[in-house]
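Number of protein chains: 2
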Amino acid sequence: MSGIKKTSKSWTTRRDQKAVRLAKIDHLLKGKLLGNAHIIEALELLISPGDKVVLEGDNQKQASFLSKALNEVSADKINGLHMIMSSISRPEHLDIFEKGIAEKIDFSYAGAQSLRVSQMIEDETLKMGEIHTYLELYGRLFIDLIPNIALVAADKADAQGNLYTGANTEETPTIIEATAFKDGIVIVQVNELVEELPRVDIPASWIDCIVVADQPYQLEALFTRDPRHITELQILMAMMTIRGIYERHSVQSLNHGIGFNTAAIELLLPTYGEKLGLKGKICKHWALNPHPTLIPAIESGWIESVHCFGGEVGMEQYTAARPDVFFTGRDGSLRSNRAMCQVAGQYAVDAFVGSTLQIDGEGNSSTVTSGRLSGFGGAPNMGHDPRGRRHSTPAWLDMINEQHELARGRKLVVQMVETFQSGNEPVFVESLDAIKVANKQA
Amino acid sequence: MSGIKKTSKSWTTRRDQKAVRLAKIDHLLKGKLLGNAHIIEALELLISPGDKVVLEGDNQKQASFLSKALNEVSADKINGLHMIMSSISRPEHLDIFEKGIAEKIDFSYAGAQSLRVSQMIEDETLKMGEIHTYLELYGRLFIDLIPNIALVAADKADAQGNLYTGANTEETPTIIEATAFKDGIVIVQVNELVEELPRVDIPASWIDCIVVADQPYQLEALFTRDPRHITELQILMAMMTIRGIYERHSVQSLNHGIGFNTAAIELLLPTYGEKLGLKGKICKHWALNPHPTLIPAIESGWIESVHCFGGEVGMEQYTAARPDVFFTGRDGSLRSNRAMCQVAGQYAVDAFVGSTLQIDGEGNSSTVTSGRLSGFGGAPNMGHDPRGRRHSTPAWLDMINEQHELARGRKLVVQMVETFQSGNEPVFVESLDAIKVANKQA
Numbered sequence: 000m001s002g003i004k005k006t007s008k009s010w011t012t013r014r015d016q017k018a019v020r021l022a023k024i025d026h027l028l029k030g031k032l033l034g035n036a037h038i039i040e041a042l043e044l045l046i047s048p049g050d051k052v053v054l055e056g057d058n059q060k061q062a063s064f065l066s067k068a069l070n071e072v073s074a075d076k077i078n079g080l081h082m083i084m085s086s087i088s089r090p091e092h093l094d095i096f097e098k099g100i101a102e103k104i105d106f107s108y109a110g111a112q113s114l115r116v117s118q119m120i121e122d123e124t125l126k127m128g129e130i131h132t133y134l135e136l137y138g139r140l141f142i143d144l145i146p147n148i149a150l151v152a153a154d155k156a157d158a159q160g161n162l163y164t165g166a167n168t169e170e171t172p173t174i175i176e177a178t179a180f181k182d183g184i185v186i187v188q189v190n191e192l193v194e195e196l197p198r199v200d201i202p203a204s205w206i207d208c209i210v211v212a213d214q215p216y217q218l219e220a221l222f223t224r225d226p227r228h229i230t231e232l233q234i235l236m237a238m239m240t241i242r243g244i245y246e247r248h249s250v251q252s253l254n255h256g257i258g259f260n261t262a263a264i265e266l267l268l269p270t271y272g273e274k275l276g277l278k279g280k281i282c283k284h285w286a287l288n289p290h291p292t293l294i295p296a297i298e299s300g301w302i303e304s305v306h307c308f309g310g311e312v313g314m315e316q317y318t319a320a321r322p323d324v325f326f327t328g329r330d331g332s333l334r335s336n337r338a339m340c341q342v343a344g345q346y347a348v349d350a351f352v353g354s355t356l357q358i359d360g361e362g363n364s365s366t367v368t369s370g371r372l373s374g375f376g377g378a379p380n381m382g383h384d385p386r387g388r389r390h391s392t393p394a395w396l397d398m399i400n401e402q403h404e405l406a407r408g409r410k411l412v413v414q415m416v417e418t419f420q421s422g423n424e425p426v427f428v429e430s431l432d433a434i435k436v437a438n439k440q441a
Numbered sequence: 000m001s002g003i004k005k006t007s008k009s010w011t012t013r014r015d016q017k018a019v020r021l022a023k024i025d026h027l028l029k030g031k032l033l034g035n036a037h038i039i040e041a042l043e044l045l046i047s048p049g050d051k052v053v054l055e056g057d058n059q060k061q062a063s064f065l066s067k068a069l070n071e072v073s074a075d076k077i078n079g080l081h082m083i084m085s086s087i088s089r090p091e092h093l094d095i096f097e098k099g100i101a102e103k104i105d106f107s108y109a110g111a112q113s114l115r116v117s118q119m120i121e122d123e124t125l126k127m128g129e130i131h132t133y134l135e136l137y138g139r140l141f142i143d144l145i146p147n148i149a150l151v152a153a154d155k156a157d158a159q160g161n162l163y164t165g166a167n168t169e170e171t172p173t174i175i176e177a178t179a180f181k182d183g184i185v186i187v188q189v190n191e192l193v194e195e196l197p198r199v200d201i202p203a204s205w206i207d208c209i210v211v212a213d214q215p216y217q218l219e220a221l222f223t224r225d226p227r228h229i230t231e232l233q234i235l236m237a238m239m240t241i242r243g244i245y246e247r248h249s250v251q252s253l254n255h256g257i258g259f260n261t262a263a264i265e266l267l268l269p270t271y272g273e274k275l276g277l278k279g280k281i282c283k284h285w286a287l288n289p290h291p292t293l294i295p296a297i298e299s300g301w302i303e304s305v306h307c308f309g310g311e312v313g314m315e316q317y318t319a320a321r322p323d324v325f326f327t328g329r330d331g332s333l334r335s336n337r338a339m340c341q342v343a344g345q346y347a348v349d350a351f352v353g354s355t356l357q358i359d360g361e362g363n364s365s366t367v368t369s370g371r372l373s374g375f376g377g378a379p380n381m382g383h384d385p386r387g388r389r390h391s392t393p394a395w396l397d398m399i400n401e402q403h404e405l406a407r408g409r410k411l412v413v414q415m416v417e418t419f420q421s422g423n424e425p426v427f428v429e430s431l432d433a434i435k436v437a438n439k440q441a
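Chains as they are written, first to last, in numbering that gives the first Met the number 0: chain A, 0 to 441; chain B, 0 to 441.
Bear in mind the hints are in silico, worked out from the structure with no lab data behind them.
Values in this document were obtained by computation on a predicted structure and should not be read as measured data.
Be aware that one or more of the hints could be misleading.
Below, computed lysine-lysine pairings styled on DSS-like, alpha-carbon distance capped at 27 Å [as the list claims (entries may be wrong)]:
| no. | chain 1 | residue 1 | chain 2 | residue 2 |
| --- | --- | --- | --- | --- |
| 1 | A | Lys274 | B | Lys8 |
| 2 | A | Lys126 | B | Lys283 |
| 3 | A | Lys8 | B | Lys283 |
| 4 | B | Lys280 | A | Lys51 |
Isolated chain A, as found in the complex:
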């Protein structure tokens, strides 16, 4: 057997490259502060072709100033980027691929851009990496998708560069941690610079460059639903869920998907649920964004705790006024954390209740339909029975359905669907579109 060949390579290439790049914008910086008129110039100096760039864009909060700036860099200077994004949400998230600035994408969710993503793959304008759940994508940031550059958004910064992300802390700390501690460059857009932060969500020593955006970051009010639009059928389904699932299995902790089906459940707890005598017995602990439809159940004392993935536009004052229920900081405002809420939603709740677009005869379900590539978001993470779970709860034990002495409990995973979705498309299908789509891509 041959001896060990020791390499004579440098072990600080990432750190050295970072120093070289930051030195190029030194003349543009005051401390860590960059004037926003210089952002395009700075990005052209800080980013190199082929870099792995993680751009914050989840289904609510967007680093919109930075994504617009990235879309305006010269494709002669910056090209072939490997983008990593939780969510493809804004037009420029895809424009950069048409211009050649970016080449490949790894993501979790496409939402509004799902039709265009599908078309761009067909046209070979965009090279698809992989589609993930949120938590899975965060995991890869520490393994084989380690970023060179992070472009993220915060509410406020102080002169040292400490950040306040408040109710919309979301995935910002996770993205920054993976980048900052592997000698990547962290560029943050903030809504404002202040003398003193309400609290520090992310320490200055993780940050390289701060720019005050020309307008606040884009923030979508994703979870707000007007209860007037809840149908009688949805109310009936919600009653069936409360009676037939939550009561029957003593579901004490849970995660709900977004939409009128689950909103109806949330709203019915203090009336129908109260009538059934279920208060204090079900639905006490939640992994959920601060849906306004939770308010009646909170006010009537049903809900003990809610941990949030992100914030919700319009709910800032309410969550701040209910610190016994929500996770809030010393300043009084909500603290969310998408990664930890995904962990909690995966491992620490009795039930996941969501919605889907297609279900086959074996109960397999998918939100992938022909011509759309919407991705997964958090659902398959929360909506599977985690085989590494070891603790038990009444609901979990109640799901044991075999006599085997090694039989395990299960997480309750519920899909609430109507027989036909909008446009009279059938939900129950012979074969999932996902199979055709996958075969086509293979």
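For this one, chain A is given, so just place chain B on it according to the hints.
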């Protein structure tokens, strides 16, 4: 249907209680700083009977000053605590139950205390909550095990209360986040107070009380193994693993358990692996603590990245000198993060290779044997095929073993065992001891 009953209760009970408790130690504090002679008095004023107390004690880093102090509070004043601990590692972690200071425990791993835990349950000195994997326990901190008190350890603090946790950042930020943002009280023991921190790992606005311990926190050198003790059989098994599993399935990212079996694999990569022409093809990305046995593979250029759960005594300078491989901070030293490394190990690696004590005829395995309650640690989290995984890698796809059109890839989960473990106990058994133990507890 009756109307919604609105409660008139306070929504700030946790915050109010926290303020009342902190006011009681106001005379003992200078800013956030508490003199270490006053720690027992302070704990008696800050903790209430029945509180959920999360005490940092993982398999390496121990908040030993605080656990000793907790063991000396008056059981007349503080009793019936519900302890939450990753690892039961020190004698006083159990002494507090014998004194009645604590009553119930939720934990992940018992290690050296596993025999005593088992005995104390039998004697009803200790009321068992649940046993978890690390990640699962962290998830519950945000759902139904929200702490009232966190007792944690850091290397250094500054006068404001910012913390430096350096290489042993471990689970400290996760524990603190769950406590601080739900109006719990965060008490930190530090090795020293400094003018300026090398970097900030945890912001001061998450911390309530800092005490300089009389000696540095206990830190175990858990992963250090003297290669002289590796047997010829272990070398043979390591060669079989490299050839038969890593090469065959193109395993590029992985997690190894602790012990001589996997240490032998790590050591053999630059010799046996090199001879097979596998450099750059396998074992590039790791979720692993900085085992000294990785050094030859790192030095010979095999390993691209290692993300760490925790640090490793004696490896501080080495990791600091290899920032291209390890995650390090601006100060140059390692940053670990147990929660995120567990996420990465669960979702982002091709293979988990560990060891176990018993395997039955169907391949079920367990480290629970009669008279011991060692718990799970991280193994079942990393060592299961996560059904929520959606991205593919060559190894993952290679594990498809059915023709079904919805067939999924799998994570490779490997248990390396010899037919007999130490003491000539058979590893392959008719029925796992875990079943007997579980039946006895039920």
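Hints and how they fare:
Our distance criterion of 27 Å between C-alpha atoms is met by Lys274(A) and Lys8(B), whose separation comes to about 21 Å. Between Lys126(A) and Lys283(B) the CA atoms are separated by roughly 23 Å; this keeps the pair inside 27 Å, and the hint holds. In summary, the hint linking Lys8(A) to Lys283(B) is supported, as the alpha carbons are separated by about 17 Å, within the 27 Å threshold. Using a Cα cut-off of 27 Å, the hinted pair Lys280(B) and Lys51(A) holds, with the two alpha carbons roughly 21 Å apart.
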